[in-house]
Amino acid sequence: MRPERTPRTLRQIADACSFVLSVTKGKTLENYSGERLLRQGVERNLQIIGEAVGRLRREDPETANRLSEHERIVGFRNVLVHGYDLVDDGIVWDTIRTNLPLLLSEVEGLLRELGERSSEEGEANRQ
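Our numbering puts the first residue of the sequence shown at 212, with every later residue one more than the last.
Any given hint could turn out to be false.
Simulated restraints, written as ranges between beta carbons of each label pair [to be verified]: (1) THR239 / SER316: 20 to 26 Å; (2) GLY245 / GLU273: 18 to 24 Å; (3) LEU297 / LYS238: 18 to 24 Å; (4) ARG213 / VAL298: 30 to 36 Å; (5) HIS293 / LEU240: 21 to 27 Å; (6) GLU241 / VAL292: 24 to 30 Å; (7) ASN242 / ARG219: 17 to 23 Å; (8) GLU241 / ARG323: 33 to 39 Å.
Since the hints were made in silico from the structure, they are not lab data.
In this text, a Cβ means the ideal position worked out from N, Cα and C, and glycines have one as well.
With the hints as extra help, turn the sequences into a complete structure.
The following block contains the structure:
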């Protein structure tokens, strides 16, 4: 039986992914590296994603295992939180451009299977 919190946790992941992709759209690595507030907002949302994936792994491992990078996501969250002075903007940027769209797609697919919508999908359907 799937835990009751799974859809909410998946929506949190989708929301944070959508936020990061939105605020970095049209930006370059140089823009990202040069804007402290942008970096901090992105890193905070990546931490949220890592926390949510970690919770999903504990509460609903079957669903978490369907996220292709679930172990790396939690590991990356730990670097952001505990090794913040070691964070490489280039690695964060590559993660945003390469891994986040895939994660968002996987999470939205899981939400569809559960009959749920991410907030972004809900907004698009309301307009």
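Each hint, compared with the structure:
no., hint, verdict
1, THR239 / SER316: 20 to 26 Å, "holds (23 Å)"
2, GLY245 / GLU273: 18 to 24 Å, "violated (42 Å)"
3, LEU297 / LYS238: 18 to 24 Å, "holds (23 Å)"
4, ARG213 / VAL298: 30 to 36 Å, "holds (34 Å)"
5, HIS293 / LEU240: 21 to 27 Å, "holds (24 Å)"
6, GLU241 / VAL292: 24 to 30 Å, "holds (26 Å)"
7, ASN242 / ARG219: 17 to 23 Å, "violated (33 Å)"
8, GLU241 / ARG323: 33 to 39 Å, "holds (36 Å)"
Consistency with the previously given hints fails for numbers 2 and 7, ordered from lowest to highest.
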